[in-house]
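Protein sequences, first through last, are from chains P and D. Per the numbering used here, the first sequence starts with residue 1, numbered consecutively. Per the numbering used here, the second sequence starts with residue 1, numbered consecutively.
Keep in mind that a hint or two might mislead.
Unchecked claim - If we take Cβ atoms under 8 Å as the criterion, some of the chain D residues that face chain P in the derived model are: (1) LEU60; (2) ASP105; (3) PRO109; (4) ILE120.
Claimed, not checked - Pairs of lysine-lysine, DSS-like flavour, derived with a Cα cap of 30 Å: (5) P:LYS51 with P:LYS68; (6) P:LYS68 with D:LYS65; (7) P:LYS51 with D:LYS82; (8) P:LYS41 with P:LYS124; (9) D:LYS65 with D:LYS127; (10) D:LYS65 with D:LYS82; (11) P:LYS41 with P:LYS51; (12) P:LYS41 with D:LYS127; (13) P:LYS41 with D:LYS65; (14) P:LYS68 with P:LYS41; (15) D:LYS82 with D:LYS127; (16) D:LYS132 with P:LYS68; (17) P:LYS51 with D:LYS127.
What the hints contain is simulated information worked out from the structure, not anything from laboratory work. Since we're looking at a predicted model, the values are computed, not measured. Just so you know, even glycine gets a beta-carbon here, dropped at the ideal spot from N, CA and C.
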Amino acid sequence: MTTTSTSSTTTNLPTPPSAETQTRRFRRPPYEVEADAEGYKLNVFMPGVAKDGVTISLNGRNLEIEGKLHDRPNASWRPILTELHWHDYRLRLELNVRVNEAQIAAQVTDGILRLSLPKAEEAKPRRIEVL
Amino acid sequence: MISLLRPDLSRSLSLEDWLRDSLLYDDSLARGRSGLSGRLGALPADLYEDTEAYHALMELPGVTKENLEVTLENSVLRVSGKSHPVASGAPERVVEFSRSLAVPDGVNPAGVSAELRDGILHLRLAKHEERKPRTIRID
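Bound conformation, chain P alone (with noise of 0.2 Å):
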C-alpha cells in the first residue's frame, strides 16, 4: 500500500482536534540509520502520518522532524483496552556531519519516514595517494 495519498477523511477514524483546542504532546519516534561512505539514511517509524502531515527543518546543525497524526480514534467509541498514543510525533538530532542540504530526499510510505542524507563533499572520506 502506498501512502502518499492525501488524508482523505475516513467514517471511522475523524481528523483530530485542531491544536488549539489540546495542549500538543508529542511521540518521541522510533528510527534507525545507516551510514556509508556516501551519507546516511534515516528511517524513522511514524505509523498514522502521511506525506502531508511531515515537517523536515535543518536549522544548522538541528535536524527536527515532526509527524502530524491524520486519524484518531473516534471520540465516541468505548475504549476497550488502549495500549497506544496518539500523540504527534517529533524527533530532534544533531549533526556532526555537514549535509548537503540542498540533496536531501524524502519520501513517507507505509507510516515510515525515509531521509536521505548525503554528507557534504568536504565531509566524504578522501582517498589520499602514497607517493
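Following the hints, position chain D against chain P.
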C-alpha cells in the same frame, strides 16, 4: 503495560549515537530477544466498541497488506505477518510478528473488515444483530 510514550526529551544525538543505536538494535534482533521492539515496538493495540461494532487498531509501520494475515477464531483475533526490509534489503531484516486479542463474544465473522493505511491497521468487527443495543418501544 509498558508505555511507549516518552516525554520529548529534546535530546540531541550525534550521528555516532545514531550508529550505536542502530547497532544495538541489529544486535537485539539477531539474538531474537526483542522481536519487533525498536522496529514495531511491542505491537501494542487498542480495542474500542460502539453500538455497531468493535474496532481494533494496531501500529504496523512498513507492513503491506500482502504481508499481513488476520484471523478470527473462537473470539480470538490474531494479526500476524512480516515487515519488509526497510533500508538495506538484507533478508535478515525481515521481522515476523504476531499479536492476539481477545474480542468479546457476539462478533459476526462475516462482518470483519480491515483497512491498512499509513502503517495503521484498523479492523472493524461488526456485532451480531442480537448484540446491538435496542430501544424498546413502550406502547
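Structure-based check of each hint:
The closest approach between the C-beta of D:LEU60 and any C-beta of chain P is roughly 7 Å, which is under the 8 Å cut-off, so the hint is satisfied. The beta carbon of D:ASP105 is not positioned within 8 Å of any beta carbon in chain P (closest approach about 13 Å), and the interface hint is therefore violated. Of the supplied interface hints, the one on D:PRO109 is violated, with its beta-carbon coming no nearer than about 19 Å to a beta-carbon of chain P, more than 8 Å. The criterion of a C-beta within 8 Å of any C-beta in chain P is met by D:ILE120, whose closest approach is roughly 5 Å, and the hint holds.
For the given pair, P:LYS51 sits about 10 Å from P:LYS68 by alpha-carbon distance, which is consistent with the 30 Å threshold. Between the alpha carbons of P:LYS68 and D:LYS65 the distance comes to roughly 23 Å, so the proposed pair stays at or under 30 Å and holds. In summary, the hint linking P:LYS51 to D:LYS82 is supported, as the alpha carbons are separated by about 23 Å, within the 30 Å threshold. With a C-alpha separation of about 15 Å, the suggested pairing of P:LYS41 with P:LYS124 holds against the 30 Å cut-off.
Taken as a hint, the D:LYS65 and D:LYS127 pair is honoured in the structure, with Cα atoms around 24 Å apart against an allowance of 30 Å. With a CA separation close to 10 Å, the supplied pair D:LYS65 and D:LYS82 stays within the 30 Å bound. A hinted pair counts as satisfied when its Cα atoms are at most 30 Å apart, and P:LYS41 with P:LYS51 qualifies at roughly 18 Å. Pair hint P:LYS41 plus D:LYS127 does not hold up; C-alpha atoms about 45 Å apart against a cutoff of 30 Å.
A distance of roughly 25 Å separates the Cα atoms of P:LYS41 and D:LYS65; the hinted pair therefore holds under the 30 Å criterion. Of the pairs offered as hints, the one joining P:LYS68 and P:LYS41 holds, with about 21 Å between alpha carbons and a cut-off of 30 Å not exceeded. Distance hint between D:LYS82 and D:LYS127 is fulfilled; the C-alpha atoms sit about 29 Å from each other, no more than 30 Å. With a CA separation close to 34 Å, the supplied pair D:LYS132 and P:LYS68 exceeds the 30 Å bound.
The hinted pair formed by P:LYS51 and D:LYS127 fails the criterion: a straight-line CA distance of about 34 Å is larger than 30 Å.
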